[in-house]
Amino acid sequence: MAENGIGVSVPRKEDKRFLIGKGNYTDDINVVGQTYAIFVRSPHAHATINSIDTTDAEAATGVVAVFTGDDLAADGIAPLICGVTVTSDDGEPHRAPAHPALAQGKVNYVGDHVAIVIAETLAQAKDAAEKVEVDYGILPAVTDTASAADEGQQQIHEAAPNNICFNWPLGDKETVAAAFASAHKISKLDLVNNRMVTNPMEPRAALGEYNTGTEEITLHLTTQNPHLHRLVLSAFNQLAPEHKLRIVSPDVGGGFGAKIFIYAEELVVGWACRKVNRPVKWTSDRTEAFISDAHGRDHVATAEMALDENGKFLAMRVMTRANLGAYLSTFGTMVPSYLYAFLFAGQYTTPLIYSEVKAVFTNTAPVDASRGAGRPEATFLLERLVDVAAADMGLDPVEIRRRNFIPVDAFPYQTPVVQCYDSGDYNAALDKALALADYDGFSTRAEEAKSRGMLRGIGLSSYVEACGIAPSAAVGQLGAGVGLWESAQVRFNPTGNVQVFTGTHSHGQGHETTFAQLITELLGVPIENIEVIHGDTAKTQFGMGTYGSRSLAVGGVAIAKACEKLIAKGKKIAAHALEAAEGDIEFADGNFTIAGTDKAMNIAEVAFNAYVPHSYPEGLEPGFDENAFFDPLNFSFPAGTHVCEVEIDPETGVVEIIKYSAVDDFGKLINPMIVEGQVHGGIVHGVGQALLEGCRYDSEGQLITASFMDYAMPRADKVPSFDIDYAPTDPPDNPLGVKGCGEAGAIGAPPAVINAITNALGVKHIDMPATPENVWRAAQGAA
Amino acid sequence: MPVINMRVNGNPVTGEVEARTLLVQFLRDNLRLTGTHVGCDTSQCGACVVLMDGKSVKSCTMLAMMADDCDVTTIEGLANGSELHPMQQAFMDNHGLQCGFCTPGMIMSALDIVERNGNDLDEATIRMELTGNICRCTGYHNIVKAVKAGAKAMGD
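One line per chain: the protein sequences are A and B, in this order. The numbers in the first sequence follow my numbering, run straight up by one, and end at 783. The numbers in the second sequence follow my numbering, run straight up by one, and end at 156.
If you're looking for bench data, these hints aren't it; they were derived computationally from the structure. Yeah, the Cβ is synthetic: ideal placement off N, Cα and C, and Gly gets one too.
Some residues of chain B that are not near chain A, with every Cβ distance over 12 Å (derived):
#, residue
1, P2
2, V13
3, M66
4, D112
5, G118
Below, simulated PhoX-like cross-link-like pairs (lysine-lysine); rule was C-alpha separation at most 25 Å, straight line:
#, chain 1, residue 1, chain 2, residue 2
6, A, K16, B, K148
7, A, K22, B, K55
8, A, K561, A, K571
9, A, K659, B, K145
10, A, K13, B, K145
11, B, K145, A, K16
12, B, K145, A, K22
13, B, K148, A, K659
14, A, K16, B, K152
15, A, K173, A, K185
16, B, K148, A, K13
17, B, K152, A, K13
18, A, K572, A, K599
19, A, K599, A, K565
20, B, K145, A, K718
Please take these sequences and the hints and turn them into a complete structure.
Here you go:
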């Protein structure tokens, strides 16, 4: 193992600049002549726009320009798009109403974009924005997920009758019905997956500059995927030709999915900077983030499991209503479909599964991926249903899981819901997690708590997720508009140091360290001589960005493939220099060696020879710089068991997490310290969903949780420290043997926490967030 | 417009500001000290914490004029040349940061916590004291470890 190579908890190379205040986030960037933009947003959830009068705003002090949807349309700027097609049960593609970046005659949610005001100072822009007069014709609003498609509901889009985006069935309804008809027992659960606001700590921002000489737009954006932004803004929104559009995403302060999407503000700022021929900067404040960032989750579902007399799962049936918000966000359709129902097998051998997802429009902010994206919804539903089934069968939750686990010798395992799992040892993770949690000692602890008048509960969740998104052929077949490979370039400089250009993007994940560790392991270059570069379409050749726990599993492999090319070329150069046959050259630890001798040449010397090719293999290209693309054969399937132990005060309903243990299979770990940090953060995201976070609209479509005072983020005093371990398996489809770790905690935690609470209270179910009020009410009901 | 004077990270600074200018705007926009961040607009997240005359304040919640004639310390003022402050070093050693956005506020709050509670901090104290700082990345586990280690190192 190389020093600082694979498996070492190397301190992060990127930390220093953040620690001394030298991070470079989009809002930290200021350019000469910069103007400031404010968006005029709809205060109504659903209204026609009868007229917009910008006269007073345009005349206000310091105002540079005011633009509306008509101005955008007149310049041929096309509406925002949704990139994944889902086929509805009528054989037609999902309904996709137009999503103009600035409203065209109608607004459909509070925060919908009506106009942009650009001024010399931010204060002037804010003042002028209040002078834009909009005459609205207020319409009734639809906000409730469960009833949005009911008869007689207010219609939101003409293109989507009954507010339905798609009805998407999966599986054989009749076969599943027959299995239910002959089952020993049917367990059933109605549940809600609570709507969340993703809330990365850095609000979104955009800074656009237009160069009249090169006719190039440079957009600094808070994005997780700069090249994807460039592709969509160019090919679909007609902002500028792709080669005349540069997207820079510098340091980005967290994403968690919310910064994947191509947002209205980004398109409008990009267009406006050319229009006014001045740099234009927009930075969201937190309330704007609450009302205009894409939200997550928001499902209402009924789940049923058919069991035989031994507690084996015979069939599963799920009916889901998923809220997509007012318009389709970039990947909005994909989340409650492919990223959701394809995970219904979980860790189990359930042979038959039928699912129907009815996706609906409402007068709320668009809903899209948020850490986990579909997989937390699937896992919460399944792992809660399994606990209900255990209770119905009189089995321990551990026992019913063991009876239904996919056995270790059954991999690769084809589930009935499309996915073919790569590798897994679910009992190994479960065993380790139970030991870590001292599951066997729980009853003693529960008795002790009872003597103090407290209720103890323990719950587990055994999840599996599909990561390493994704094989292009598979997602293409499903209706994705893009490929999901990744690219890398590994460039030696003549002096022997290395620049690695990756198409993934780091916004907290530590790629600058993890990828450098890969290089030091594969090429033997000291880690301090390696620089990882990302987040600029003018530097990196291409890339699809970071989401779906894909950066290492896809992007890391692309880096490794570029390294293989360098080694192959280096052997030719070394063979020539060492006067040996190419086939006799071996490469290890940074040195090309003639096999069986001590004659060797360091890779830095080889790089120098490649750039100063005075004595060089005939016909070989100079230079030591290779790029590679990698398109995976399959998703990766991280899995694990999380165990949560809670104590509840029945007098107040306050839930305290006493102990949380997680054992995950992420395959091989490159930097265990970073992986553990990802797990911690993911778990707290999941604990937030389970205990604290609930995004609420009132019946008129006003967001009543639009600040950190109204929307409860997890804080340090609400969560414990964690016990983390691993039960790795080796995924055969991934050349590096890695699976991805960024979303696991957010997927595993919600059912573990809620299963612990229902166990403590002795109730069948409690909806999230399990606030003290909800828990207290449930405790009263149970008493 | 009013003129204000203060010492920021030991350096005397002067500036002309609108009366409504917030301290964080003065630091970020006038002085270009962009290490202090704005993560919310309701004094909840703590990304903007700086020290004023040695005490932690949320610089988004006070006017720049209120810091007139004060000593202000921001994240940029902690390291001694290339040597990190012990609290900064502890955050690195314990992986107490991911995206880095909340980090300056966390560290400035941590210094205030040490000032008021000493160098030997238990987990419960640290967690209670950090409730005014929100982090979405780390789940706090490693921030708590970092503050504990940093506090100890500051006493050594």
